[in-house]
Amino acid sequence: MRHLLAIEDVTREEIEAILDRAESFAEVGRRDIKKVPTLRGRTVVTLFYESSTRTSSSFELAAKRLSADLVSVKAAGSSVDKGESLKDTIATLSAYDPAAIVIRHPYAGAAQMVAGWTSAAVVNAGDGKHEHPSQALLDVYTLRRRLGSLDGVRIWIVGDVLHSRVARSNLIAFQRMGAEVTVCGPPTLIPRGIEQLGCEVEHSLDRLDEAEVVYALRLQQERMAESFVPSLREYAATFQVDTRRLNPRQLLMHPGPVNRGVELSGEAIDSPQSLIAEQVAAGLVVRMAILYELLTGAERPAPTQGDGEGTPGSPTPIGTSA
Amino acid sequence: MSLTDTLDVRPGEQAHLVLRRATVLDPVAGIDGVHDVVVRDGEIAELAGPGEAKTDGAEVVEAEGLHAFPAFFDPHVHLRTPGHEHKEDVETGTRSAAAGGFCGILAMANTDPPVSTAADITALREQARAGASVPVGFLATVTKEMRGEELTEMVELREAGAVGFSDDGLPIQSARIMRRALQYQRLCGGNIALHEEDPELSGDGVMHEGPVSAAVGLAGIPSVSESTMVARDAALAAYEQARIHVQHLSAAESVEIVRAAKAAGVKISAEASPHHLCLTDEEVRSLDPHRFKMNPPLRHESDRQALIAGLRDGTIECVATDHAPHQAEEKEVPYEQAAMGVTGLETAFAALHTELVMPGVIDLGLLVERMAGGAAPFGLERPSLAPGSEANVALCDLGAEWTVGEDGYESRSQNSWCAGRTLTGRVLVTVAAGQVAFRLRSFALEVAL
Chain X
1 MRHLLAIEDV
11 TREEIEAILD
21 RAESFAEVGR
31 RDIKKVPTLR
41 GRTVVTLFYE
51 SSTRTSSSFE
61 LAAKRLSADL
71 VSVKAAGSSV
81 DKGESLKDTI
91 ATLSAYDPAA
101 IVIRHPYAGA
111 AQMVAGWTSA
121 AVVNAGDGKH
131 EHPSQALLDV
141 YTLRRRLGSL
151 DGVRIWIVGD
161 VLHSRVARSN
171 LIAFQRMGAE
181 VTVCGPPTLI
191 PRGIEQLGCE
201 VEHSLDRLDE
211 AEVVYALRLQ
221 QERMAESFVP
231 SLREYAATFQ
241 VDTRRLNPRQ
251 LLMHPGPVNR
261 GVELSGEAID
271 SPQSLIAEQV
281 AAGLVVRMAI
291 LYELLTGAER
301 PAPTQGDGEG
311 TPGSPTPIGT
321 SA
Chain Z
323 MSLTDTLDVR
333 PGEQAHLVLR
343 RATVLDPVAG
353 IDGVHDVVVR
363 DGEIAELAGP
373 GEAKTDGAEV
383 VEAEGLHAFP
393 AFFDPHVHLR
403 TPGHEHKEDV
413 ETGTRSAAAG
423 GFCGILAMAN
433 TDPPVSTAAD
443 ITALREQARA
453 GASVPVGFLA
463 TVTKEMRGEE
473 LTEMVELREA
483 GAVGFSDDGL
493 PIQSARIMRR
503 ALQYQRLCGG
513 NIALHEEDPE
523 LSGDGVMHEG
533 PVSAAVGLAG
543 IPSVSESTMV
553 ARDAALAAYE
563 QARIHVQHLS
573 AAESVEIVRA
583 AKAAGVKISA
593 EASPHHLCLT
603 DEEVRSLDPH
613 RFKMNPPLRH
623 ESDRQALIAG
633 LRDGTIECVA
643 TDHAPHQAEE
653 KEVPYEQAAM
663 GVTGLETAFA
673 ALHTELVMPG
683 VIDLGLLVER
693 MAGGAAPFGL
703 ERPSLAPGSE
713 ANVALCDLGA
723 EWTVGEDGYE
733 SRSQNSWCAG
743 RTLTGRVLVT
753 VAAGQVAFRL
763 RSFALEVAL
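So the protein sequences, as listed, match chains X and Z.
Following my numbering, the numbering of the first sequence begins with 1 at its first residue and continues without gaps.
Following my numbering, the numbering of the second sequence begins with 323 at its first residue and continues without gaps.
Among the hints, erroneous ones may be present.
What the hints assert, rightly or not - Every beta carbon over 10 Å from chain X, so not counted as near; a handful from chain Z, in silico:
id : residue
1  : T328
2  : V350
3  : G355
4  : A367
5  : T377
6  : A380
7  : G387
8  : R451
9  : E562
10 : T602
11 : Y657
12 : R704
13 : R761
To be verified - Cβ pair distances, simulated, as ranges:
id : chain 1 : residue 1 : chain 2 : residue 2 : range
14 : X       : N259      : Z       : A497      : 38 to 44 Å
15 : Z       : D685      : X       : E84       : 51 to 57 Å
16 : Z       : Q627      : X       : A91       : 41 to 47 Å
17 : X       : Q196      : Z       : M662      : 51 to 57 Å
Said to hold, decoys possible - Computed list of chain Z residues with no C-beta within reach of chain X, every gap over 12 Å:
id : residue
18 : D434
19 : S535
20 : A537
21 : T550
22 : R607
23 : R634
24 : L686
No lab work stands behind these hints: they were computed from the structure.
Think of the CB as a built atom: it goes at the ideal place given N, C-alpha and C, for glycine as much as any other residue.
When you get a sec, could you build the whole thing from the sequences and use the hints?
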């Protein structure tokens, strides 16, 4: 793998390789010194054009635990505020010869464009409503640890599918790993034609019992103003996943941040069947694995663009000078 | 009758040419055979037997194996002047048209500021007389500054030379204003060309709504955002007995509405663009805004098939490029942020020849007919190769393969939907209103040698 731009481009074998790698990093997290020298002397840039807590902090910590030098750029307060184009920003950051650029952007395809402008490996940390591949990988990782395998597992993705990049990436990733996926929500929030991605579509929670895993999505407050739902009250009454609708053997997931009392009841969030905290923990090791796979993969070709000086190669062995 | 009775072009030398042994095809005039085409004094002077035309000091073009068609007419071009000359202007836009085999074009009025006054029309016509390679006509906006609120001074605009009216780029949202314009048309004449879209339904959409938009997470523009407005305006045109021209049809539902309206006797004409006839929303999976972002959007294969059927049965009488130049920095951004529109003048014929004629989807004669079909809806004479007609000729090599963009563009912008494609069929010479408007450089060299 050269970049991680979309789950759509990743095979089941590649997903499994990243998850296996993540398992090995889970062990690192239990050590006193939670750091490996794998990416020593390499630079990772995180570039966030949208606010983020989980994704940005876990990518940053992942880079640090792999001993990379980290540059974190937030659009607010940077030259982006001064009207610099994405292309020019990437050209500027590429001058530091980063090994990887992790980018979140409010518009679809941004990471893919960046990949054409830099010799660094590009990781899509969310592009508009398109994809959020690292989230899908950590969710698959979390489920695989709990269930052993996703083959034949019935997963319901519930909520605002229309505006969710997580829904799209997870739908693809879950299916690729052998799960059967149903998307559920009010017709206003289910994209027309999504059944052609191979999932079932439901507009009520009546048959939620069929699911082994319930994956709830965030409902943003502004959806009411746009008449996607008449009121949060009605939405919660119809689509909230609570302990009454959830049966005790079902697993509950959510990408965060949660609107307590809207898409999930507080009780459900805090119930033992909730994997939400495990998802956050998985985020760190899976993002370490992503950076590792992209930056140390044997098949990584030499950059085709850039200045050619100081081209990163294989990881520096422990104890040798760079 | 000449295109230049109504349109404006830079005056130049009248061509004196003999296209020796050209395969001449003009289905409307009933011409299909090998002839020597003699162009003299601005007219098709004669279609002589092969090898029989007298030279009389004319330039002789050995055209054996080449095709001579009536040159094409594009009723939908964005020349971007005034205001956005960094994208295109009269000179570059008409050069681009000439390179595509067009002998006449109509320029849209959604410039900056929009073409809303008689003075705007007068100034543009002057520019055309100074620098247009092919005759160009200008539309004026229907509403002042395209705000959709008040009608422009349509009588005065017509007197100044506006060929017709259009708020293209934006729909006329108010049914009341639309109706007033159609009523007023009885006074001023001039067809009203309509960009049909209900912004309430297209919202923040950037591509066709369907499985592909669901898959890539882009907000969709549903087909009904176009078809409901086509239905509204067909009904209004029927009620007011007015004439309307529906621009860039994209949805199957719209084609059906136009077909029914025509059958009911409504004075309605329609156009389709080469990109809607050749591409579908599947292309948008690439998230490439350079080639695949435009409004109306590329739609489903069933919509494309409906457009082709409409082209065949005459529901859609003409091909129009909706040539919409944009500079690189307006396209080198993520799909949702990128400007809408693609260029198309230089590739229209070649693309449709490659994608529709060569695979046998439509025949060559139909394409030739539809490529020139955009003149009549605006009251202009259809380009013809019948002797005595004004000389408007496109000489094409149907076997020539070329890669689009390899040698640059005549247009000032490069956002061609065909960029990088290899097309078969190339315009070698364009004669527009009796003047040689374009010669392919490599071909001209061969002739000289």
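### Query
Within 51 to 57 Å or not, the Cβ separation of Q196 of chain X and M662 of chain Z?
violated, 26 Å
#### Entry: Given as non-interface: T328 of chain Z, which should sit over 10 Å from chain X by C-beta
holds, 43 Å
#### Entry: Exclusion check [E562 of chain Z not at the chain X interface, CB over 10 Å]
Holds: least Cβ distance 34 Å, greater than 10 Å.
### Message
Quick check for students: does the CB of D434 of chain Z sit more than 12 Å from each CB in chain X?
### Response
holds, 20 Å
### Beyond 12 Å from every chain X Cβ - status for R607 of chain Z
R607 of chain Z is in fact no farther than 12 Å from some Cβ atom of chain X, at 9 Å.
### Distal placement of A537 of chain Z relative to chain X, Cβ over 12 Å
About 6 Å separates A537 of chain Z from the closest Cβ of chain X, which leaves it inside 12 Å; violated.
### Task
Check the non-interface label on R761 of chain Z: least C-beta distance to chain X beyond 10 Å or not.
The claim holds: R761 of chain Z sits with its nearest Cβ about 37 Å from chain X, beyond 10 Å.
### Query
Beyond 10 Å from every Cβ of chain X: is that where the Cβ of A380 of chain Z lies?
holds, 52 Å
#### Entry: Least C-beta distance from R704 of chain Z to chain X larger than 10 Å
holds, 41 Å
### Query
Should the hint that D685 of chain Z and E84 of chain X are 51 to 57 Å apart at their CB atoms be regarded as holding?
holds, 52 Å
### Query
Is the nearest Cβ of chain X still more than 10 Å from the Cβ of G355 of chain Z?
holds, 50 Å
### Query
Once the closest CB in chain X is found, is it more than 12 Å from L686 of chain Z?
Holds: least Cβ distance 36 Å, greater than 12 Å.
In summary, the structure is inconsistent with hints 11, 17, 19, 20, 22 from the numbered list given earlier, while agreeing with the others.
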